[in-house]
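Chemist: Take the sequences, apply the hints, and build the full model.
Protein sequences, first through last, are from chains A and B.
Following this note's numbering, the numbering of the first sequence begins with 1 at its first residue and continues without gaps.
Following this note's numbering, the numbering of the second sequence begins with 1 at its first residue and continues without gaps.
Note that these hints are calculated values from the structure, not bench results.
Note that this is a predicted model, so its numbers are computed, not measured.
Glycine included, each C-beta is placed from N, C-alpha and C at the ideal position.
Keep in mind that a hint or two might mislead.
Stated by the list, open to error - Which residues of chain B face chain A? A partial, calculated answer using Cβ under 8 Å:
| # | residue |
| --- | --- |
| 1 | K42 |
| 2 | V43 |
| 3 | F45 |
| 4 | S48 |
| 5 | E53 |
| 6 | S55 |
| 7 | F91 |
| 8 | P102 |
| 9 | L103 |
| 10 | H104 |
| 11 | F105 |
What the hints assert, rightly or not - Calculated cross-link-like contacts (lysine to any residue; reagent style SDA-like; alpha-carbon spacing at most 25 Å):
| # | chain 1 | residue 1 | chain 2 | residue 2 |
| --- | --- | --- | --- | --- |
| 12 | A | K41 | B | H10 |
| 13 | B | K42 | A | G16 |
| 14 | B | K42 | A | G82 |
| 15 | A | K56 | A | K68 |
| 16 | A | K41 | A | V12 |
| 17 | A | K67 | A | V12 |
| 18 | B | K42 | A | S24 |
| 19 | A | K40 | B | P70 |
| 20 | B | K42 | A | A96 |
| 21 | A | K41 | B | P8 |
| 22 | B | K42 | A | V12 |
| 23 | A | K40 | B | N74 |
| 24 | A | K40 | B | S9 |
| 25 | A | K57 | B | T96 |
| 26 | B | K57 | A | K56 |
| 27 | A | K37 | B | M89 |
| 28 | B | K57 | A | E26 |
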Amino acid sequence: EDKVVQSPLSLVVHEGDTVTLNCSYEVTNFRSLLWYKQEKKAPTFLFMLTSSGIEKKSGRLSSILDKKELFSILNITATQTGDSAIYLCAVEYQGAQKLVFGQGTRLTINP
Amino acid sequence: EPEVTQTPSHQVTQMGQEVILRCVPISNHLYFYWYRQILGQKVEFLVSFYNNEISEKSEIFDDQFSVERPDGSNFTLKIRSTKLEDSAMYFCASRTDRVNSPLHFGNGTRLTVT
Numbered sequence: 001e002d003k004v005v006q007s008p009l010s011l012v013v014h015e016g017d018t019v020t021l022n023c024s025y026e027v028t029n030f031r032s033l034l035w036y037k038q039e040k041k042a043p044t045f046l047f048m049l050t051s052s053g054i055e056k057k058s059g060r061l062s063s064i065l066d067k068k069e070l071f072s073i074l075n076i077t078a079t080q081t082g083d084s085a086i087y088l089c090a091v092e093y094q095g096a097q098k099l100v101f102g103q104g105t106r107l108t109i110n111p
Numbered sequence: 001e002p003e004v005t006q007t008p009s010h011q012v013t014q015m016g017q018e019v020i021l022r023c024v025p026i027s028n029h030l031y032f033y034w035y036r037q038i039l040g041q042k043v044e045f046l047v048s049f050y051n052n053e054i055s056e057k058s059e060i061f062d063d064q065f066s067v068e069r070p071d072g073s074n075f076t077l078k079i080r081s082t083k084l085e086d087s088a089m090y091f092c093a094s095r096t097d098r099v100n101s102p103l104h105f106g107n108g109t110r111l112t113v114t
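Modeler: As structure tokens, then:
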């Protein structure tokens, strides 16, 4: 059964800290891994990763995929209170239409 | 920036009633999806839709559920004879192509079945 596991489930840090969120997967015929940020309602797209070892970056956020070890990390540097959200990891595999989601990491940034 | 829009934002219905959740995907997108998230649980895939037909569905998507694209813009999820366990946030999503584009999600419809 395809499985996506995120850790930690919850993380509380102070503004300015750097955080690393983890996502591991057990998916056969992997196609891509996606990161989403969910604040109040809609998951909003952050990154889509298909190739191992290539970092994707957007401002203070970056992400990388390791297809050999079957995991991805999402880094956020110089965190701000606006980064507080649930971060979702999802995996898509070949021959299927669906995304398989992890349970999410609830990140809280305290001022 | 174009976005996926869903209506209503909140729907309360009695057990056994039928509900229709509505979505307007991003206009140049070709693939459409419904996901749901029961409170405190993972986001779960329900169904994907392409070229006016279902391309994949999950075990959750049984005969109680149906989808339709009645015109060039709307995409609907119908739930017949709702059950208490259908209470969840229902997300519509769309993408331009199947392989190289991410899903874009709407803000969801919170369905409460009493």
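Chemist: Need the list of violated hint numbers for this structure, in ascending order.
Modeler: Violated: hints 5, 13, 17, 19 and 26.
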